[in-house]
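Student: Those protein sequences? They're chains A and B, same order as listed.
Our numbering puts the first sequence at residues 1 to 149.
Our numbering puts the second sequence at residues 1 to 106.
You may find that some hints are simply not true.
[Claimed, not checked] Simulated crosslink set (BS3-like; lysine-lysine; CA at most 30 Å straight-line):
1. K120(A) / K78(B)
2. K41(B) / K120(A)
3. K71(B) / K71(A)
4. K4(B) / K71(A)
5. K4(B) / K78(B)
6. K4(B) / K120(A)
7. K78(B) / K37(B)
I should point out that these hints are in silico values taken from the structure, not numbers from a laboratory.
Here the structure is a predicted model, which is why all the values come from computation and not from measurement.
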Amino acid sequence: MNSFTTLMLVAHVIFGLFGVAAIHFAYMQLIRSHPPYRLVTWSAWSSVFLFFTSWITGAYYYVVYYGASVKPVILAGDYPWAHQFFMEAKEHVFILIPFLAIVSALGAHALGHHETSELKRAVSWTMLLTILLGIGVAASGILISGAVR
Amino acid sequence: MTIKTHRLLNATALATILAVLLVALLTIIGEEYAPLKNWLKNTFSHHWLGKSELSIALFGVTTLLVYFIGKDTVSSVKMVWAALVATVLSAGAMCIFFALHLLHLV
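This is chain A alone, in the form it adopts within the complex (with noise of 0.2 Å):
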């Protein structure tokens, strides 16, 4: 692997690190009883963006260098099921991530202009499965990167 790849794969990690990191902010914020609103919408966001920039990274990473240096080493190891669920399942989910952090964004600035106990509770659920399905897939990330080995 080449430095400007490996450039790439680290990027996508912290960005989508960071990414969860800030979304799981906002939701800490969002869920107090007074919620400070405009660091809560400034910090999801930065999830949006931090997201997208993981999903353009992860992109390079995956399209150039994945499928023909790694996924066969995956594959004739000990542990294909590693690539055939988990990678299969997280390169696919990962691209609902983005979207849903989207909503969770506007949410939040809309809560800003006007609180509402409903847009509150469907704006925290929405955040907290942002954070779920991220966490869901740094962690195959981490199974993938295990099975390579």
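Assemble the complex: chain A is given as a structure, and chain B must be docked to it using the hints.
Tutor: Relative to the frame of chain A, chain B by itself:
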């Protein structure tokens, strides 16, 4: 909530519903019907890039259409919940499909 914020939230929620369902449909049907996956590969150079780009395009077009020509009668709360449910269904369907695929049941 201003009318513009309400409309934009509804537009992105509906766009999310359509985009996440598109990803699930292209993924599951593409695995079972080779011509679809081949079309994605040939058109976008990689099937995953095809799903990514088509979902972004659908999200963008739907957001613009609903924002500019949509009506303001639908509850934002319902739309956000619907986006959440659609995402759960999409992610769940794909995970179940790949589990069944791993077990050679599909």
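Student: Each of the hints needs a verdict: does it hold here or not?
Tutor: Hint check:
1. At most 30 Å may separate the alpha-carbon atoms for a hinted pair to count; K120(A) and K78(B) meet this at roughly 12 Å.
2. Restraint check for K41(B) and K120(A): not satisfied, since their Cα atoms lie roughly 41 Å apart, outside the 30 Å limit.
3. Pair hint K71(B) plus K71(A) does not hold up; C-alpha atoms about 47 Å apart against a cutoff of 30 Å.
4. Distance restraint check for K4(B) and K71(A): the Cα-Cα separation of roughly 46 Å exceeds the 30 Å cut-off, and the hinted pair is therefore not satisfied.
5. For the suggested pair K4(B) and K78(B), the alpha carbons sit about 17 Å apart, so the restraint of at most 30 Å is met.
6. For the hint linking K4(B) to K120(A), the alpha-carbon distance of about 18 Å falls within 30 Å, and the restraint holds.
7. Distance check on the hinted pair: K78(B) and K37(B) sit about 34 Å apart at the alpha-carbon level, beyond 30 Å; violated.
Violated hints for the displayed structure, listed by number in ascending order: 2, 3, 4 and 7.
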